[in-house]
Amino acid sequence: MTHAALLVLADGRFPAGGHAHSGGAEAAVKAGRITCAADLEDFCRGRLHTAGLVAGALAAAAALGLDPRELDAAADARTPSPALRLAARRLGRQLLRAARASWPCAELDELARWFPKGAHQPVVLGLTARAAGLGAPDAAYCALYESVSGPATATVRLLSLDPFDATGVLARLAPELDEVARAAVEAAGAAAGEGPQALPAASGPLLEIMAEAHAAWPARLFAS
Amino acid sequence: MHLDHTHHGPAAVSADAHRPDGTRRALRVGLGGPVGSGKTATVAALCRELRDELSLAVVTNDIYTREDAEFLLRQAVLPPERITAVETGACPHTAIRDDISANLEAVEDLEDAVGPLDLILVESGGDNLTATFSRGLVDAQIFVIDVAGGDDIPRKGGPGVTTADLLIVNKTDLAPHVGSDLARMAADAKAQRAELPVVLQSLRGESGVAEVAAWVRARLAAWTA
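These protein sequence lines are chains A and B, in that order. Number 46 in full-length UniProt numbering belongs to position 46 of the first sequence; there are no gaps in the numbering. Number 173 in full-length UniProt numbering belongs to position 173 of the second sequence; there are no gaps in the numbering.
Just so you know, the hints here were simulated from the structure itself, not pulled from any lab data. Glycine is no exception: its CB is placed at the ideal position from the N, C-alpha and C atoms. One or more hints might be untrue.
Covered by chain B, according to a simulated footprint, are these stretches of chain A (three or more residues, beta-carbon under 8 Å) [stated by the list, open to error]:
no., stretch
1, 6-16
2, 20-27
3, 209-221
Far from chain B, some chain A residues (derived; all Cβ distances over 12 Å) [stated by the list, open to error]:
no., residue
4, ALA31
5, ARG33
6, CYS36
7, ARG69
8, ASP76
9, ALA77
10, ALA98
11, PHE164
12, ASP165
13, LEU170
14, ALA171
15, ARG172
16, GLY189
17, GLN197
18, SER203
Could you put together the complete structure from these sequences and hints?
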């Protein structure tokens with residue numbers, strides 16, 4: 001067990017496909033909802049407490065060893081948009097490839113057999129953390145950080161936003177991320193006793209609706 | 001990294017020469033180069049030239065549209081199920097070099113869906129002179145520049161020009177019109193690349209893509225030997 005594995009897994013350069021996704025930022029930028037760093041902060045805060053919390057709890061639950069097939073079904077039920085379900089599975093498949101090359105183990109091989117076209121990314125993330133010898137809080141932190149760092153880096157490209165401002169947004173959200181991580185881990189602990197129905201089901205309806213519209217655009221920079 | 005994995009299940013990494021069922025996978029050839037240098041036109045010409053003798057497929061990496069894939073579809077160089085577009089999130093070089101997972105999935109899905117395949121062409125989105133393909137994604141790479149982009153590009157070098165397995169200097173028919181010195185481009189390329197091959201090509205000329213197709217055939221012969 002090494003805690004430094006967390007740095008490898010959380011590194012934005014970990015080759016798991018995230019660079020091609022904006023976490024809904026591209027649609028929000030085009031709709032005029034993100035025009036500056038302050039808007040980005042509001043957008044990321046919304047994601048953190050909705051899609052982020054759900055992803056964090058799923059990842060923590062997978063890291064605790066809950067059945068990934070049940071967790072994947074729970075993720076499906078918590079993702080109304082078919083486009084977002086597809087994106088989550090694609091990203092899950094890409095992450096699983098990188099995970100199996102980095103921390104090869106029977107549990108990840110089994111996941112690949114169950115989900116040849118990919119399981120939901122947070123579920124794969126939790127199992128990856130487990131394979132790397134990390135704990136449920138680490139998995140939750142990774143999922144939560146990704147939920148806000150993706151839109152932040154995408155917005156730098158989409159709006160030519162000052163990269164220092166975008167990083168400042170992430171730094172200001174850090175204390176809140178701590179709180180949401182605690183809630184996610186607590187929910188995962190409850191799910192270990194009561195089943196996946198104990199996992200949070202928060203959602204940002206506009207993220208889901210905009211994701212459907214975005215998936216139909218003929219020209220876009222990001223896959224989601 | 002465990003390249004020779006012993007676990008069961010689908011392959012963990014995909015530089016492996018064999019597919020999960022033990023058969024040899026297709027040869028993967030990457031085509032990179034600056035915007036507008038003729039990558040898609042070269043891919044289209046290669047498909048027309050090779051499709052009757054080989055089972056082949058194409059992955060395109062468009063930067064913000066599906067135009068390259070749609071061009072190939074419109075030209076009907078291959079059946080639509082043999083052409084896949086990968087989205088690259090504004091970073092075409094990332095998708096072919098630093099994080100190749102989406103492209104690996106595209107090539108594997110093509111082999112699953114329409115295989116067995118002999119050859120998969122992976123076309124990069126138009127990029128800069130430093131863009132090269134990861135060896136984890138392709139077995140050989142072609143870098144395409146053109147005479148209209150400036151005849152000093154071979155002299156400037158960069159990873160694409162100096163290290164690609166084949167350098168194509170495209171649109172040679174335009175050289176007199178844009179004031180490019182073909183002899184100088186060829187000499188500079190030779191100086192940058194030592195023994196690595198260079199093809200000066202005009203797809204409008206009589207021989208078209210023939211020389212590049214011959215190079216691909218030779219790579220394929222070496223791959224299956």
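Structure-based check of all given hints:
1. Given as covered by chain B, the stretch 6-16 of chain A passes the check, having 3 residues with a CB less than 8 Å from a CB of that chain where 3 are the minimum.
2. Residues of the stretch 20-27 of chain A with a Cβ under 8 Å from some Cβ of chain B number 3, which satisfies the need for three, so the listed coverage holds.
3. With a threshold of 8 Å between beta carbons, the proposed coverage of the stretch 209-221 of chain A by chain B holds, since 4 of its residues qualify and at least three are required.
4. Under the 12 Å C-beta cut-off, the non-interface status given to ALA31 (chain A) relative to chain B holds; the minimum distance is some 17 Å.
5. The Cβ of ARG33 (chain A) lies farther than 12 Å from every Cβ of chain B, with a closest approach of about 19 Å, so its non-interface assignment holds.
6. Remark: the non-interface label on CYS36 (chain A) is consistent with the geometry, its nearest Cβ contact in chain B lying 20 Å away (cut-off 12 Å).
7. The beta carbon of ARG69 (chain A) sits about 15 Å from the closest Cβ of chain B, which is more than 12 Å, so the claim that it is off the interface holds.
8. Annotated as non-interface, ASP76 (chain A) keeps its C-beta farther than 12 Å from every C-beta of chain B; the closest such distance is 20 Å.
9. Once the 12 Å rule is applied to beta carbons, ALA77 (chain A) is consistent with being away from chain B; the minimum gap is 25 Å.
10. Listed as a non-interface residue, ALA98 (chain A) fails to keep its Cβ farther than 12 Å from every Cβ of chain B; the least gap is roughly 6 Å.
11. Against chain B, the non-interface label of PHE164 (chain A) holds: every CB pair exceeds 12 Å, the least being about 19 Å.
12. At roughly 18 Å, the least C-beta separation between ASP165 (chain A) and chain B is larger than 12 Å, which holds for a residue marked as non-interface.
13. Residue placement check: LEU170 (chain A) keeps its beta carbon more than 12 Å from all beta carbons of chain B (closest about 18 Å).
14. Distance check on ALA171 (chain A): its Cβ is at least 23 Å (rounded) from any Cβ of chain B, clearing the 12 Å threshold; non-interface status holds.
15. Listed as a non-interface residue, ARG172 (chain A) keeps its Cβ farther than 12 Å from every Cβ of chain B; the least gap is roughly 25 Å.
16. Distance check on GLY189 (chain A): its Cβ is at least 30 Å (rounded) from any Cβ of chain B, clearing the 12 Å threshold; non-interface status holds.
17. The beta carbon of GLN197 (chain A) sits about 30 Å from the closest Cβ of chain B, which is more than 12 Å, so the claim that it is off the interface holds.
18. Listed as a non-interface residue, SER203 (chain A) keeps its Cβ farther than 12 Å from every Cβ of chain B; the least gap is roughly 24 Å.
Of the hints listed earlier, the one the structure fails to meet is number 10.
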